[in-house]
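Protein chains in written order, with the numbering used here: chain V, 7 to 118; chain A, 141 to 477.
Any given hint could turn out to be false.
[What the hints assert, rightly or not] Taking lysine to any residue and the SDA-like style, the derived pairs with C-alpha atoms no more than 20 Å apart in a straight line are:
| # | chain 1 | residue 1 | chain 2 | residue 2 |
| --- | --- | --- | --- | --- |
| 1 | V | Lys75 | A | Lys218 |
| 2 | A | Lys218 | A | Gln179 |
| 3 | V | Lys39 | V | Gln94 |
| 4 | V | Lys75 | A | Gly257 |
| 5 | V | Lys75 | A | Lys459 |
| 6 | A | Lys199 | A | Arg178 |
| 7 | V | Lys39 | A | Asp343 |
| 8 | V | Lys39 | A | Thr344 |
| 9 | A | Lys313 | A | Gly257 |
| 10 | V | Lys75 | A | Arg396 |
| 11 | A | Lys218 | A | His181 |
| 12 | V | Lys39 | V | Leu22 |
| 13 | V | Lys107 | A | Ser212 |
[Stated by the list, open to error] A few chain A residues that face chain V, going by a derived Cβ cut-off under 7 Å, partial list only:
| # | residue |
| --- | --- |
| 14 | Thr344 |
| 15 | Met346 |
| 16 | Phe347 |
| 17 | Gly368 |
| 18 | Leu390 |
| 19 | Ser391 |
Treat the hints as calculated values from the structure; they're not laboratory data. Beta carbons: idealized from backbone N, C-alpha and C, even for Gly.
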Amino acid sequence: MNISIKRKDQGDHRFLVAVSGEIDVFTAPELQKGLLPLTEIRGGTLILDLNETRYMDSTALGVIVAALKSASRHQCSFSVTGMTPRIQRLFEITGLMELLKRVQTSRGVAND
Amino acid sequence: METQEDESQLSEYRTLLAHYISQKDQKLPTEESEHLRRQLHACGILPEDLLGLHIEALKGAGIFSESAMMRSLNFLMKMMSGYSKAYREHQELKDWQKQLDTELDIASALQKTLLDGKVPACSFADIGAISEPAKRMSGDYYRIVNDGKRLVVTIADIVGKGIPAAMCMSMIKYAMDSLPENSQGAPSYILSLLNRVVERNVDTNMFITMFYGVYDPETGIFSNSSAGHEPGFYYSAREDRFMDLEARGLSLGLAREAEYKEYARRIYSGDMIFLLTDGVTEIRKDHDFIEREQIVALIRRWMHLPAAEIVKQVMRALKKMQDFSLQDDFTFIAIKF
Numbered sequence: 007m008n009i010s011i012k013r014k015d016q017g018d019h020r021f022l023v024a025v026s027g028e029i030d031v032f033t034a035p036e037l038q039k040g041l042l043p044l045t046e047i048r049g050g051t052l053i054l055d056l057n058e059t060r061y062m063d064s065t066a067l068g069v070i071v072a073a074l075k076s077a078s079r080h081q082c083s084f085s086v087t088g089m090t091p092r093i094q095r096l097f098e099i100t101g102l103m104e105l106l107k108r109v110q111t112s113r114g115v116a117n118d
Numbered sequence: 141m142e143t144q145e146d147e148s149q150l151s152e153y154r155t156l157l158a159h160y161i162s163q164k165d166q167k168l169p170t171e172e173s174e175h176l177r178r179q180l181h182a183c184g185i186l187p188e189d190l191l192g193l194h195i196e197a198l199k200g201a202g203i204f205s206e207s208a209m210m211r212s213l214n215f216l217m218k219m220m221s222g223y224s225k226a227y228r229e230h231q232e233l234k235d236w237q238k239q240l241d242t243e244l245d246i247a248s249a250l251q252k253t254l255l256d257g258k259v260p261a262c263s264f265a266d267i268g269a270i271s272e273p274a275k276r277m278s279g280d281y282y283r284i285v286n287d288g289k290r291l292v293v294t295i296a297d298i299v300g301k302g303i304p305a306a307m308c309m310s311m312i313k314y315a316m317d318s319l320p321e322n323s324q325g326a327p328s329y330i331l332s333l334l335n336r337v338v339e340r341n342v343d344t345n346m347f348i349t350m351f352y353g354v355y356d357p358e359t360g361i362f363s364n365s366s367a368g369h370e371p372g373f374y375y376s377a378r379e380d381r382f383m384d385l386e387a388r389g390l391s392l393g394l395a396r397e398a399e400y401k402e403y404a405r406r407i408y409s410g411d412m413i414f415l416l417t418d419g420v421t422e423i424r425k426d427h428d429f430i431e432r433e434q435i436v437a438l439i440r441r442w443m444h445l446p447a448a449e450i451v452k453q454v455m456r457a458l459k460k461m462q463d464f465s466l467q468d469d470f471t472f473i474a475i476k477f
């Protein structure tokens, strides 16, 4: 399984991370390595772009949970875009969607 | 491309061999030969292929004396140096792998004992359960208890696979065992308790999805809560219809404080409940996923059988769809009322 992680620095501590390929038990550590340091930027903004992600298993969800928790600890805004309906369903069932909303809401209030 | 490379290696080998044979002092022109040796070994040449290369190079090398032959064999021996070290390393790795294998076998057997997997005798329901790990260790957990008054069913999926998931599973098992005996706890209460245990004790990139259901045969009510678990199916015999056993809630370990909603439904004779882990709904069929409707169709095909048979047949069919190898741990429970 292959995965490609592209990082785009949009300036002002704002990063876009686009993942293409399949995130599974073998590729998840690579994503974690690419994602976690960016969640530790206090006051930063991180967007995870899943437009080109074909498949995610539960290990990938684990990486996103770790990123979410870290972002929340470091007051870094974290959001996910480009979910396929299948991934969106996975997020909704596991409660990750609610957690994402919580992190964004608390950050939104703090930010605006 | 490859043949071109082979050709150039052969010609280089031939040149160096000829040079070596013609020399009296039997010293290799070290730099070039060492370079070639490294090159050959780096491209993973097998000893027998190296021997083949040597035989090829011998052709037309003008070996007419015993001493020339001896020198050519010496050359071969030098080219082959390094293989014995690689062989020793290979043996060591094999031994190590064997040791790991044994340890995994023990761990896997221990996990099977822990998981127990017994289905209790039940006068008011026919129950079947099946659970198979994708590898040797499983991250799935289920527990079915009939305490005489209520039937309690738990099914859980630990994020991730293999050993870390299996270790987490043991923790969940002990957390559940330490719940007060005959705990009359409502599903929502039990899940919020477990959530705190998991949140405190697992790594930040781990979480657990769990479905917890309780059936009271006196009232005929099945109540349940879910912590992010893949919805099961409810079959209504009166309507001859399958419905999602929809329940929402945060997976265990996502947030310190989580509240779980409780759902209840009246169960009638002939109704059925099916619970599963996402291994079941994530199974791929020709690079695609199996839709929930397909699983319902499979259940429908065998639902006239005893529960233990239903789970076996559905499992067999799903495994067949992905060429008999599981991508994810897989657990499936059927309860016929």
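The hints, checked one at a time:
no.	hint	result
1	V/Lys75 / A/Lys218	violated (58 Å)
2	A/Lys218 / A/Gln179	holds (14 Å)
3	V/Lys39 / V/Gln94	violated (23 Å)
4	V/Lys75 / A/Gly257	violated (34 Å)
5	V/Lys75 / A/Lys459	violated (36 Å)
6	A/Lys199 / A/Arg178	violated (23 Å)
7	V/Lys39 / A/Asp343	holds (16 Å)
8	V/Lys39 / A/Thr344	holds (14 Å)
9	A/Lys313 / A/Gly257	holds (12 Å)
10	V/Lys75 / A/Arg396	holds (11 Å)
11	A/Lys218 / A/His181	holds (12 Å)
12	V/Lys39 / V/Leu22	holds (15 Å)
13	V/Lys107 / A/Ser212	violated (74 Å)
14	Thr344	holds (4 Å)
15	Met346	holds (6 Å)
16	Phe347	holds (6 Å)
17	Gly368	holds (4 Å)
18	Leu390	holds (4 Å)
19	Ser391	holds (5 Å)
Checked against the numbered hints given earlier, the structure breaks hints 1, 3, 4, 5, 6 and 13 and satisfies all the rest.
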